[in-house]
Amino acid sequence: MNKSTKVSYLLNQPKYEASVGRPQLLRIEFNHEYTKIDFGYQTTDYYVKGGWVKIAPITYIKVNTNQERLTLTNSINIPIAPEKHDFETKKDWLYFSLIFPPIKIEDCLMDMIEADKGEPTDFNYYNIEIKKSDLIELKK
Amino acid sequence: MSLSKIPYLRYNIIDACLTNKMHPFPSLEFLRMECERKLDIIISESSILKDINAMKTDDRLGFDAPIKYSKSYNGYYYSEPDFSIKKVALKESEIEALKLAVDVLSNFSGTRVSENFNLAIEKVLASVHEQFTENKRKIIQTDTAPNHKGFENFEFLLNAANTKTPVNFIHYSYKKRIFNSIIVHPYLLKEFQNNWYLLGFSENHKEQRIFGLDKIYEPLLLKRTFITPDLELLNHYFENIYGVYPIENQSLQKIEFIVNPFLSDYLNAHPIHNSQQRIKQTSYGHAVFTLDLIPSRELINFFLSYSNQLVVKNPSWIQQEISKHHKIALQYEQIYKG
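Protein chains in written order, with numbering that gives the first Met the number 0: chain A, 0 to 139; chain B, 0 to 337.
Treat the hints with care, since some could be wrong.
No farther apart than 20 Å at their CA atoms in a straight line, the calculated lysine to aspartate or glutamate pairs in the DMTMM-like style are these [stated by the list, open to error]:
| id | chain 1 | residue 1 | chain 2 | residue 2 |
| --- | --- | --- | --- | --- |
| 1 | A | K5 | B | E35 |
| 2 | A | K14 | B | E202 |
| 3 | B | K222 | A | D133 |
| 4 | A | K138 | B | D39 |
| 5 | A | K103 | A | E136 |
| 6 | B | K20 | A | D91 |
| 7 | B | K20 | A | E82 |
The hints are simulated quantities; they were obtained by calculation from the structure and are not laboratory data.
Since we're looking at a predicted model, the values are computed, not measured.
Chain A on its own, in the form it takes in the complex (with noise of 0.2 Å):
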């Protein structure tokens, strides 16, 4: 059965808030099944060999217009902890997708939180845009 009633869009480069150093946040992608993030990281001089990376799997997404929780579903690319992956050298990159259930398309900000109170190496981002008037509906 075709699934044409499904649209979804791409929020692209939003805006957030995030400790330096996190995974770059891409692009959003909505619709009635699932939120996808896309996110891109580089590895740093911090750790010898790159360091390693991992995604709890009590990490949510929640949006200021609705407190509800809405947990982590999936991941592309990147572990879920206790899972890792370690990275061999401080030059390596990956690209990674976090997948939630799905949100309500409207204006309004949204965190994803991989701690409560967690510390700045902790997947957290706060406050990322979300405007319906950024959005860029997807074609099938």
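Position chain B relative to chain A; hints supplied.
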């Protein structure tokens, strides 16, 4: 899309999940969701189970995929870690079908199709003839690009350019080491030395840009008004460039270089550009060549690759650029010698 194509797309998605080392042991639900997400159709778990069974046992497919289920991880995996259906060779019947298709294509080769298409057909013909040589000895070998990244998006981007549909994709610059999410109005796909590139108008850069397909991830089609190119400019874009990446702020100019006798013969046999001319030759065989080009990164690389056989005379900035690269090469040599 033809219905018969859909199962193959699902097999490819399942194969990609099973070979993804970042997400081992994908569950049935995960496989179903991935197929739904990528194909944008509703798929049941029973369909995925049938697909897995077909990949394992269907003789017509011929995959013989060693798919196993892990109770402890609640997911599927290949019991042969290096297995992928992409590595399964063509079956005899498929080769026969390909031979027939090549026969049909070869009838069209000649005056009715472009030079590039002729070259492509020649390659296919050569490969097929090579496969059917009676003594099975490899007697023809065409140039192949080993596992180039990004080629999986070729058809998608070709279709986008053909239907004048803007695209968004994630781009990673090896040089700057930065990610970007870019919106491009795709105009054409260009091949240079076995690498493919997309030329289009980038909304991010507000100008025409070229992107290597190997740096493009997960392109999406956008419902957005297409920015039409200036056809005159587009059709001549690569005419005065050797390669694909023109050097910023450089215009069309005469480039003069001296080569040794060996390279002189080679360049006469294999000119690198239509504008190439040999303007002088000594009695010892050394020669002066000129090119009328917009200098490009690839041109600099060409000069560097033959730098023990040529010297660039003009313009001087190219001489300096090459000297700079030589100095860097010496520094690296010192560093790596340790």
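Now the hints, each set against the structure:
1. About 12 Å separates the Cα atoms of K5 of chain A and E35 of chain B, which keeps this hinted pair within 20 Å; it holds.
2. For the proposed pair K14 of chain A and E202 of chain B, the alpha carbon gap of about 17 Å is at most 20 Å, so the pair holds.
3. Taking the CA atoms of K222 of chain B and D133 of chain A, the gap is about 13 Å. The hint holds against a cut of 20 Å.
4. Distance check on the hinted pair: K138 of chain A and D39 of chain B sit about 11 Å apart at the alpha-carbon level, within 20 Å; holds.
5. Taking the CA atoms of K103 of chain A and E136 of chain A, the gap is near 15 Å; set against the 20 Å cutoff, the hint holds.
6. The suggested pairing of K20 of chain B with D91 of chain A holds, with an alpha-carbon distance near 16 Å, which does not exceed 20 Å.
7. Under the criterion of a C-alpha separation no larger than 20 Å, the hint pairing K20 of chain B with E82 of chain A is consistent with the structure, at around 11 Å.
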